[in-house]
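Chemist: With the hints as extra help, turn the sequences into a complete structure.
Protein chains in written order, with the working numbering: chain L, 1 to 431; chain V, 1 to 167.
Derived from the structure by calculation, the hints contain no laboratory data. None of the values given here were measured: they were computed from a predicted structure. Heads up, some of the hints might be wrong.
Derived BS3-like pairs (lysine-lysine); straight-line CA-CA distance at most 27 Å [stated by the list, open to error]:
#1 L/Lys266 with L/Lys255
#2 V/Lys93 with L/Lys124
#3 L/Lys121 with V/Lys119
#4 L/Lys412 with L/Lys301
#5 L/Lys242 with L/Lys266
#6 L/Lys121 with L/Lys221
#7 V/Lys93 with V/Lys82
#8 L/Lys335 with L/Lys266
#9 V/Lys47 with V/Lys82
#10 L/Lys335 with L/Lys242
#11 L/Lys84 with V/Lys128
#12 L/Lys124 with V/Lys126
#13 V/Lys60 with L/Lys80
#14 V/Lys126 with V/Lys41
#15 V/Lys119 with L/Lys125
#16 V/Lys119 with V/Lys82
#17 L/Lys124 with L/Lys80
#18 L/Lys125 with V/Lys126
#19 L/Lys189 with L/Lys221
#20 L/Lys121 with L/Lys80
#21 L/Lys221 with L/Lys255
#22 L/Lys242 with L/Lys255
#23 L/Lys302 with L/Lys387
#24 L/Lys80 with V/Lys128
#25 L/Lys387 with L/Lys420
#26 V/Lys60 with V/Lys119
#27 V/Lys126 with L/Lys84
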Amino acid sequence: MDDSYLIRTQTPIDRLSDDLLISILSRFSMTEAARTSVLARRWRYFWTNNRVLDFDAVRVLSQIEERDTTLHNERIRFVKWVNKVAMLHSYSTIDEFRISFDLDEGFDDHLDRWIQFAFRKRVKKLELNLVKSHHTHTQHKQYSFPNMSHGVSSIESLVTLILTNVDVTEEVLIFFVSNCPFLEELCVKGSNCLENLRTSRPAIRLRRLEIVDCRGFRSLKICSPNLISYTFHGTNIPMVLKNVASLVSLSLGAKFHGELILNMNKISRCLSQLETLTLRVSEFQGRGVILPIYPHLPRLKKLVIDICTIGFETSLLGFTRLINAAPSLREILLKITCSQPLFLATIPHYQGPMHQSLEVLQIEGFAGAKVDLELALYIVEHAVSLKKVVIDFRRPTGGEQCVEMEMEMARKGILLLEAKLPEGAELIIHE
Amino acid sequence: MVTTDEKGPLTAKKKSVIIRSCDGDEFLVSESAAVLSTSLKKILEEKEDRLIHLSDIDNKTLAMVIAYLSTHADDGLSDDLKRSFDQEFVSGKEFDVLKYLVLATDTLQVTCLCYTVAKKMADIMKNKLVEWVRREFDIQNDYTPEAEAEIRRLDAWAWDDRQLEDD
Chain L
1 MDDSYLIRTQ TPIDRLSDDL LISILSRFSM TEAARTSVLA RRWRYFWTNN
51 RVLDFDAVRV LSQIEERDTT LHNERIRFVK WVNKVAMLHS YSTIDEFRIS
101 FDLDEGFDDH LDRWIQFAFR KRVKKLELNL VKSHHTHTQH KQYSFPNMSH
151 GVSSIESLVT LILTNVDVTE EVLIFFVSNC PFLEELCVKG SNCLENLRTS
201 RPAIRLRRLE IVDCRGFRSL KICSPNLISY TFHGTNIPMV LKNVASLVSL
251 SLGAKFHGEL ILNMNKISRC LSQLETLTLR VSEFQGRGVI LPIYPHLPRL
301 KKLVIDICTI GFETSLLGFT RLINAAPSLR EILLKITCSQ PLFLATIPHY
351 QGPMHQSLEV LQIEGFAGAK VDLELALYIV EHAVSLKKVV IDFRRPTGGE
401 QCVEMEMEMA RKGILLLEAK LPEGAELIIH E
Chain V
1 MVTTDEKGPL TAKKKSVIIR SCDGDEFLVS ESAAVLSTSL KKILEEKEDR
51 LIHLSDIDNK TLAMVIAYLS THADDGLSDD LKRSFDQEFV SGKEFDVLKY
101 LVLATDTLQV TCLCYTVAKK MADIMKNKLV EWVRREFDIQ NDYTPEAEAE
151 IRRLDAWAWD DRQLEDD
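Modeler: Rendered as structure tokens:
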């Protein structure tokens, strides 16, 4: 036995390689990782080698009054924190760089530098989530993403780019799509200066694209053979999806239902391949029965209906057509909120074809009001294979008296649903 | 003592290796399983000897690592089965067991297992008091009390209103 083949080590923690320690630390939040600095001298700056730099201090924003501080003070503290870690970071690469805090245009110097830092470290996932707290001055402009025309080599590692409340232009996005050979995910939420997104060449690697609530967005034209998931929340616009044979997950959102349907019709050719469909309407009004006839959705497995209704006479029964057009549907998630006072009405039994494959109905924020109970009852009465109904209650919104009434209504609604459950189906309630 | 690989008898054609733990027990492992460890692979490339002695991995820990290697070297198992094996592999284990497993994994350089174990360790260490981590990992605190207080003061943002646990 040759002694050189013995693998020797010392006391437990010192035996771990730097790589493994960093791998453990990279799963901690930044604050948790930073606390390891007091363990012993070896650990003093070790945490700054974290490969996941997630600067998230959103929690602080809700505590500004109780901590007797100001948004300005907290912003300065946040900036110091990020700058300090960026300065100490000595590892040559990072996997993720994420900023999640309330910062506006006034901090553009810092944000510009952090972006440069992230790219210098060959970041794979870059996320700027510049939340707006209720302390934010609305007259201040959002941060504008810098023009990236310099230094292509450093952005080549990018796989994911997520920008929320950052003003980013079409030019910048196209630059990333054209120059990042590994770019798979591109999500832009709340950009005020994104007007179009048109790629001249196919975006080969792109797997997920999200354009959400970009005021002023006018048109989209993209060719993306490997796109799996597409999300668009906005007004009715010219929208062309070319060669999206891999698309299986679609999320459409709009203020009004009509806009959503118009957008949906524009991409009707890819609907038959969908496995997941999410529909979100923020001001749904009227009798949904005037819906156009939905296309056939033979592969759809999961349907999410995320709707805020207004008006007393609103009904969501029109969505039953969608359910009937999806024979393979296994799971429905309803997230229904009613902005108008709720009321319980007697609900008749509606006729309709039986659904053979639906197994799970999940209701988030169940109120037991006519508008959500009506659709839920229809589904429960017509799904012969239903195995599970999972309900969590709507958080009461009104004063003390209303709370009791709302709870009472939800409880009554549950009883009605329970009475109609097919045999063998389980009812799970989270309060 | 030679313990055969848990995953069925080895065919005569397949090359195998004997790995000895620090308590002296020997395990017969197929070469295809052994080479999933970068350290063992290097040793096998450099040396004809089919006996490898690991001076700091105990019997119990080595048996676990070998079960892992054998499962992952089994071409008959689907990736899904291997993934669920990975999850179960670390789920019920005590911290003390994991502590030695993470060391063995690191020493043997088993990349895929490192990933699984590091995640589990991180879950356990989250929100624990510094004293807990020092105790459980035998870390000698070489700061003076003043120096430690100074670091806590400088990194004050990391210590905000956290509920840390000591068990």
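Chemist: Can the restraint linking V/Lys60 and V/Lys119 be considered satisfied, given a maximum Cα separation of 27 Å?
Modeler: It holds: about 21 Å lies between the C-alpha atoms, which stays within 27 Å.
Chemist: Would you mind confirming whether the straight-line C-alpha gap from L/Lys242 to L/Lys255 stays at or under 27 Å?
Modeler: holds, 26 Å
Chemist: Starting from V/Lys93, check that the Cα of V/Lys82 is at most 27 Å away, please.
Modeler: At roughly 18 Å apart (the allowed maximum being 27 Å), V/Lys82 and V/Lys93 satisfy the hint.
Chemist: CA of L/Lys121 to CA of L/Lys221, is that 27 Å or under?
Modeler: Status violated; Cα separation ~32 Å.
Chemist: Take the C-alpha atoms of V/Lys119 and V/Lys82, compute the straight-line distance between them, and say whether it is at most 27 Å.
Modeler: holds, 17 Å
Chemist: Hint check: L/Lys335 vs L/Lys242, CA-CA at most 27 Å. Holds or violated?
Modeler: Violated, because 31 Å separates the two Cα atoms, which is more than 27 Å.
Chemist: Hint check: L/Lys242 vs L/Lys266, CA-CA at most 27 Å. Holds or violated?
Modeler: Roughly 11 Å separates the two Cα atoms, so the pair holds.
Chemist: Against the 27 Å threshold, does the CA-CA distance of L/Lys266 and L/Lys255 hold or violate the hint?
Modeler: Judged against 27 Å, a Cα distance of about 17 Å means the pair holds.
Chemist: Given the hint that L/Lys189 pairs with L/Lys221, test it: the Cα-Cα distance must not exceed 27 Å.
Modeler: Holds - the C-alpha atoms of L/Lys221 and L/Lys189 are around 18 Å apart, at most 27 Å.
Chemist: With a cut-off of 27 Å on the C-alpha distance, tell me whether L/Lys302 and L/Lys387 pass.
Modeler: holds, 15 Å
Chemist: Do the alpha carbons of V/Lys47 and V/Lys82 lie within 27 Å of each other, as the hint requires?
Modeler: violated, 30 Å
Chemist: V/Lys119 and L/Lys125 were given as a pair; does the straight-line alpha-carbon distance stay at or below 27 Å?
Modeler: holds, 19 Å
Of the numbered hints given earlier, the model fails hints 2, 4, 6, 9, 10, 13 and 14; all others are met.
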